[in-house]
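*Asks:* Chains as they are written, first to last, in my numbering: chain A, 7 to 416; chain B, 2 to 291.
A portion of the hints provided could be inaccurate.
Computed list of lysine to any residue pairs in SDA-like fashion (alpha-carbon distance at most 20 Å, straight line) [what the hints assert, rightly or not]: (1) B/K180 with B/G270; (2) A/K102 with B/G224; (3) A/K102 with B/N112; (4) A/K112 with A/G89; (5) A/K243 with B/G94; (6) A/K85 with A/D353; (7) A/K227 with B/I7; (8) B/K119 with A/G325; (9) B/K119 with A/L72; (10) A/K245 with B/L257; (11) B/K180 with B/G94; (12) A/K192 with A/M274; (13) A/K243 with B/L143; (14) A/K227 with B/F261; (15) A/K416 with A/N299; (16) A/K227 with B/F136; (17) A/K245 with B/L262; (18) B/K119 with B/Q268; (19) A/K243 with B/E132; (20) A/K245 with A/M73; (21) A/K245 with B/L5; (22) A/K227 with B/G270; (23) A/K227 with B/L257; (24) A/K246 with B/L5; (25) A/K85 with A/D367; (26) A/K243 with B/L262; (27) A/K246 with B/G263; (28) A/K288 with B/F118; (29) A/K112 with A/M73; (30) B/K119 with A/V327; (31) A/K227 with B/S92; (32) A/K85 with A/R348; (33) A/K245 with A/P216; (34) A/K291 with B/S130; (35) A/K185 with A/K404.
From chain A, some residues computed to sit far from chain B (all C-beta separations above 12 Å) [unchecked claim]: (36) V222; (37) N230; (38) L261.
Please keep in mind that the hints were generated in silico from the structure rather than gathered at the bench.
We put the CB at the ideal spot given by N, CA and C, even for glycine.
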Amino acid sequence: MTDEKKPAGIVRRDFLQTAGTAALGLGITGLPTVLRAQPASVKIGLIHPVSGFIAFSGNQCREGALMAIADINAAGGIKSMGGVKLEAVLGDSQGKPDIGAAEVAKMAEAGINGIVAGYASSISLATSQEAAKTNTPHVVDVGVSDQIVSRGLTNTFRFSPGYGKIADFAVANLDAINKAAGSPAKTAMIIHEESLFGTGTADLLSKKLPENGIEVIEVIKHANPTRDFTNIVLQIKAKKPDLIIPANYYNEYVLLARTMRQQRIEAMGIYSVLGGAASNYKFVKEFPEAAENIMDCNHWFNPKSEVALARKAAAEAKGLVYTYEVFLAYNAVLGLADAIERAGSTDKEAVNAALSSSNMDMSFMPYGPTRMVDGQNEGAQPVNTQVLKGDIEVIAPKEFASAEAVFPVK
Amino acid sequence: MPDLAIIIPSVLNGLTTGALYALVALGLTLIYGVLHIINFAHGALLMVGLYAVYFLNVQLGIDPYVALFIVPPLMFALGYALQRGIIGKASHGRDENILLVTLGLSIVIENLSLFVFKSDTRAIDTPYSFEVVEFLGAFLPLPKVIAFAGALVTAALLWLLMSRTDLGKAIRALAKEPKGAKLVGINAEHVFAMSFGLGIACLGVAACLLLPSYYVSPQVGHGFVLIAFTIVVLGGMGSFVGALIGGLIIGVVEALGGLFLGESLGQIGIFLIFILVLISRPTGLLGHKV
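Using the sequences and the hints, build the whole thing.
*Replies:* Rendered as structure tokens:
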């Protein structure tokens, strides 16, 4: 052991040694990323069906995603990257998976940093598959098919629930509502659209409902678009089910609900799964009588969250109808931005890793803590809503409920 | 196997739906069948008519049936102007140019409406939207019953116009023998524009009768345009009665096809009938050999 006496003050050699170590250290720890050359912006690809037969929903998604980008930028951008702003790069899938995939390829070639897509399950499957080729982080906003997150793609994430969980939830809650009323409902008819979303949901419900004592007497598939629902409604009328369960897109839902009213259909309840009057303020406003008492099991915001209500007010101030497409796309952008923030860079590996370990606070949704398992947020869940006195109320789960369920209606 | 309690209402409903298809096809049979203009903008122009009816109702409180006195004349003027100002000039008399011009028009109109109206689906709620007429045990929606009557009246008026007026004679002459018609002093450009205007005015009538039971969005025409072309060929090019009968047949076949084959497969019936008629009667049901 030596007892070397150091001279007072800073000598040249010590200064160089300290400064060199500090410079090396700062370079490694990533703290000075703000000092490094930063991209002018973080480019987020938003690919939605803004034209074609599901254009309404696609545009709602786009608007929600753009609102999120505007809010994040207004709050200072990506702070870990020196406040660099998000930049939206818009793509239109036209409602077709192949065009959605082509948009991804185009954006990937142009150096996109992350993608939020694609509203419909079939489109989301194609866009995420294409994004996987370049390992581009891809967050699915609305697509509910469980296939989306079960293909082992390390770049694909979803913050909202898939239809497996939604079907479980829908059946369990329907069972609870039915039992609370003395189990009057014994039969159901499912009316669904023909794509992956409608078919998958109908398959799951057909398997699960009988386990809870509700016989599915008929499952009817229809095309998109369907110009007339009278045939289907006549079949409902003939079979007289206790419950009618639609799973379709908005335009077809409007026609179906109107035709059911015209044909004087009387059922104990209309219980929509993923899409219906009780998750659309527009339908409730335009057809209050047809919408009254309809129940939905769908994506919804936490009606007790100040943040959620403020976002709803902001969307409505922009003239938007606050449908689930708006807030799910908003959340998808939020999740991606949160991952980029934590990654501190746009490095694809780092962003995907950050998405995998996402623990974003989503108390503005009726979700538990965010927990990603194979790209799926296991904390996500749907809620049950019902149109009561011209407004949409949450009726389950209890901790988020704003009203009691009214059942049976007839 | 569905029983009669479903089949009868289904057939009646097919007839009323078919009348709506016929209304859309009547304008097309005049433009496509008589003038041989393949109007790809037909669906987009139907959408324009539907928006006109929608905004007259929402902004000014004008009932869609009162709008019958406003929208068809406006649509006539639009059609006349389009033919005179764009289609006629840009096509230089060549059929393939007309096809491309109307295709371009449809893209421009649809994208403009997407930009202006957004992709929002809009519907109107009238006091009679949910009214029904009971007939043979079936509940027929009142707006569709009115549309059925409207299709009959429109087809009759068009037939009268074509067979009893000078304009009708001029249109027929121009369709059959353009050079001869011009030689006898028919103003071809004016008559072409009048015909196109009349075809688009029919879409105005269709829009007024359709909206009380349907919706409007920038893509709404897509669901009707292919079926309208099918009806025109099925009924016989240029035959208004043929278009009416063709529309009704398609409506019934679609309804029964949906009932027996399922809603997705039911559409096949339409095109099977179409192919069968073309094989057995290439000129269509009421078409004449040229």
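*Asks:* Against the structure shown, which of the earlier numbered hints fail to hold, in ascending order?
*Replies:* When the structure is compared with the hints, numbers 1, 4, 5, 16, 18, 20, 29, 31, 37, 38 turn out to be violated.
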